[in-house]
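**Student:** Mapping to our numbering: the sequence shown position 64 is 64, numbers consecutive.
Keep in mind that the hints are not guaranteed to be accurate.
Below are the BS3-like pairs computed for lysine-lysine, each with C-alpha atoms no more than 27 Å apart in a straight line [to be verified]:
hint, residue 1, residue 2
1, K247, K259
2, K241, K256
3, K233, K247
DEER-style ranges, computed between Cβ atoms [unchecked claim]:
hint, residue 1, residue 2, range
4, E208, S262, 27 to 33 Å
5, V43, S262, 23 to 29 Å
6, Y101, V52, 47 to 53 Å
7, Y101, A123, 28 to 34 Å
8, A265, I120, 15 to 21 Å
9, L49, V21, 39 to 45 Å
10, R242, D212, 19 to 25 Å
11, E208, A265, 18 to 24 Å
12, I27, S127, 18 to 24 Å
No lab work stands behind these hints, which were simulated from the structure alone. Built from N, CA and C at the ideal position, the CB exists for glycine as well.
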Amino acid sequence: MTIPTSGYTADAPVESSTSAVSWAPIIAGAVTATAITLILLMVGSGLGLTMVSPWSNESSSAATVGVTAAIWLIVVQWLSAGVGGYLTGRLRTKWTGVHTYEVFFRDTAHGFLSWALATIVVAGLLSSAVTSVIGAGAQATATIAGGAATAGAAAANTSGSASGFSPAYYTDALLRPTAPQTAPAGDSNENVSAQVSRILATGAAEGEISPDDRTYLQQVVASRAGLSEADAKARVDTVLKRIDDAKVAAQQAADKARKSASVVALLGALSLLVGAFIAGVSGAVGGRQRDEDEERIALQR
1 MTIPTSGYTA DAPVESSTSA VSWAPIIAGA VTATAITLIL LMVGSGLGLT MVSPWSNESS
61 SAATVGVTAA IWLIVVQWLS AGVGGYLTGR LRTKWTGVHT YEVFFRDTAH GFLSWALATI
121 VVAGLLSSAV TSVIGAGAQA TATIAGGAAT AGAAAANTSG SASGFSPAYY TDALLRPTAP
181 QTAPAGDSNE NVSAQVSRIL ATGAAEGEIS PDDRTYLQQV VASRAGLSEA DAKARVDTVL
241 KRIDDAKVAA QQAADKARKS ASVVALLGAL SLLVGAFIAG VSGAVGGRQR DEDEERIALQ
301 R
């Protein structure tokens, strides 16, 4: 027995021809989030400038400024992502024939997409501003490049290269008199001061001053300042200790700045994650309220 097939069609799954992504509400939410972010960043910059002062006793520490800036970034992400995600959910059109779980997922995804788009736009705007500042600085540097080249050549001859090698220092060591009192008449105070500066610079670059250089410094101080050998040695030791203390203080300041930058970077990344989560939740809340309001209006009719 043959089963007739005419008049029968196999059931096929119904698939929508339109995309599940509604870009119009996503763009609207992203634009809103971008505007709120820029406004809040300007407010944060104004408040941050009140924490910094050229007077040492009136300025907050670098750690305090860094942590405050990171907390403000979290607040910025919370507000901008929340408002942008909520508007994205409220402005999208109603999806018909879609399961409630799928609607929740789509609203969450739309909120996340609005946050992602806003983040990219803000990053582009900020990078453009930084690039403009760097370009202006580069142009100003190019303007004085001619004079700086001559000055740089003289400085390299006097102080040595960045590696710490100073030809002038080794020249001084070769021509250094046995006793400063027997120095030639043309060896002026300026020349001696330049030699001492090169000794100190080389010692700072190498981490220590050699015994020969230390002995020569003591002789120069004793001769030029009219001090005894013991007093000259004490003065040299005091100055060298102050130099070491300054180096340690600079290293401590650099370490504090490094730690503050690390905290700001980590909290900045945390703020972005918070913003993504808030945007997704806000999109789901806005979409649900939009559907509930429409259903309520339909029942009232």
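**Student:** Determine whether the Cβ-Cβ distance between E208 and A265 falls within the hinted range of 18 to 24 Å.
**Tutor:** Cβ of E208 to Cβ of A265: about 35 Å, so the range 18 to 24 Å is violated.
**Student:** Take a quick look at whether K233 and K247 sit within 27 Å of each other, Cα to Cα.
**Tutor:** holds, 21 Å
**Student:** If you draw a straight line from the CA of K247 to the CA of K259, is it 27 Å or shorter?
**Tutor:** At roughly 18 Å apart (the allowed maximum being 27 Å), K259 and K247 satisfy the hint.
**Student:** Between A265 and I120, is the Cβ distance one that fits in 15 to 21 Å?
**Tutor:** holds, 19 Å
**Student:** Looking only at beta-carbon atoms, does the pair V43, S262 fall within the given range of 23 to 29 Å?
**Tutor:** holds, 25 Å
**Student:** Within 18 to 24 Å or not, the Cβ separation of I27 and S127?
**Tutor:** Once the Cβ atoms are compared, 21 Å apart, the range 18 to 24 Å for S127 and I27 holds.
**Student:** If I claimed the Cβ atoms of E208 and S262 lie 27 to 33 Å apart, would that claim hold in this structure?
**Tutor:** holds, 31 Å
**Student:** Range first: 39 to 45 Å. Now tell me if the beta carbons of L49 and V21 are that far apart.
**Tutor:** holds, 41 Å
**Student:** For K241 and K256, compute the direct alpha-carbon distance and say whether it is at most 27 Å.
**Tutor:** The given pair, whose Cα atoms are some 22 Å apart, holds under the 27 Å limit.
**Student:** The hint says 47 to 53 Å between Y101 and V52; measuring C-beta to C-beta, is that right?
**Tutor:** holds, 50 Å
**Student:** Within 19 to 25 Å or not, the Cβ separation of R242 and D212?
**Tutor:** holds, 21 Å
**Student:** Determine whether the Cβ-Cβ distance between Y101 and A123 falls within the hinted range of 28 to 34 Å.
**Tutor:** Taking Cβ atoms as reference, Y101 and A123 lie about 33 Å apart, which means the hint holds.
In this structure, the one hint that does not hold is number 11.
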